[in-house]
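Protein chains: 2
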Amino acid sequence: MKFGVVIFPSKKLQDLANSYRKRYDPHYALITPHLTLKNGFEASEKTVGDLANKFRHIAANTNSFTLKTSKISSFQPVNNVIYFKVDPTEELTKLHSEINELFTEEHSEYAFVPHITIGQKLSNDEHSDVYGSLRMTSINHEETVDRFHLLYQLENGSWTVYETFRLGKE
Amino acid sequence: MKFGVVIFPSKKLQDLANSYRKRYDPHYALITPHLTLKNGFEASEKTVGDLANKFRHIAANTNSFTLKTSKISSFQPVNNVIYFKVDPTEELTKLHSEINELFTEEHSEYAFVPHITIGQKLSNDEHSDVYGSLRMTSINHEETVDRFHLLYQLENGSWTVYETFRLGKE
Chain A
1 MKFGVVIFPS KKLQDLANSY RKRYDPHYAL ITPHLTLKNG FEASEKTVGD
51 LANKFRHIAA NTNSFTLKTS KISSFQPVNN VIYFKVDPTE ELTKLHSEIN
101 ELFTEEHSEY AFVPHITIGQ KLSNDEHSDV YGSLRMTSIN HEETVDRFHL
151 LYQLENGSWT VYETFRLGKE
Chain B
1 MKFGVVIFPS KKLQDLANSY RKRYDPHYAL ITPHLTLKNG FEASEKTVGD
51 LANKFRHIAA NTNSFTLKTS KISSFQPVNN VIYFKVDPTE ELTKLHSEIN
101 ELFTEEHSEY AFVPHITIGQ KLSNDEHSDV YGSLRMTSIN HEETVDRFHL
151 LYQLENGSWT VYETFRLGKE
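Chains as they are written, first to last, in the numbering used here: chain A, 1 to 170; chain B, 1 to 170.
What the hints contain is simulated information worked out from the structure, not anything from laboratory work. A few of these clues could be false.
Calculated pairs, EDC-like style, for lysine to aspartate or glutamate (alpha carbon to alpha carbon, straight line, at most 20 Å) [unchecked claim]: (1) B:Lys2 to A:Asp15; (2) A:Lys12 to A:Asp87; (3) B:Lys71 to B:Asp15; (4) A:Lys12 to A:Asp129; (5) A:Lys71 to A:Asp129; (6) A:Lys46 to B:Glu143; (7) A:Lys11 to B:Asp50; (8) A:Lys22 to B:Glu155; (9) A:Lys94 to A:Glu143; (10) B:Lys46 to A:Glu143; (11) A:Lys11 to B:Glu45; (12) B:Lys22 to B:Asp125.
Let the sequences and hints guide you as you build the complete structure.
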């Protein structure tokens, strides 16, 4: 079974992201707008309980923090993903590290660039057009993140929530 | 903001439901397969914290229980919804009641018929054809339910999880 860990931002930011995703993201119908904390990974249904315990522990030891996004950016030339760039605050980076440290076998060679995807799988020409028209858009949005979610993927590619982890001591 | 409360069954049962929903349920892309505990209701973002506290309290006082489905049924002639009929066990009925009692203003006139929708918004002819071919299908499936979820709806109609409530004492 394939699992992943994400933050779902507020309805307001999700609605804004969807206004772009509808046209530019073929994953539009498979998952609501999100910030990925841990990319898809394989785990058995049996081990997921243990994993959830570890996430719960991390969540309990993490305080709520501010998520701030101010611009639209792109991963070009690495790939044609267009996204809301999210400020890499200390708390967010720490949360990402702690979650990813549970998976010691895979050392990512990439730095964590927190983002909410709004377009992907675009041809080079589409990417140029779309990013050209969006790159100067300013997104002034700030909100509080107080939870993250462990998801699993169904056979049709859609994602369903296994569990929510609320930040901070109960 | 529109909220709702559901149980997401296991991946296995969701995949099976989706094999039908793909063809017969126009909500296929808006939400993964689910059993509804509380229909969509309006609440402000401010009050949802209180509501989540109440759901957490109900969850803590509810034990895990068995979800069993054995047949495909339909709400005809009330409407053209086709669904996996879920046995109305005492625990499930109690959980449904406790959640719905939080909303005293709306006394439902309908009995709780626990179900996982696999087809809806079919024309009468489609409904007859589809239900005619599915009604004898036996679904022998049993699993343990140990959580439920509070969701909210985005502007595009899709649903995103606000919080998971695990059953039983921590």
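Hint check, failures only: 4
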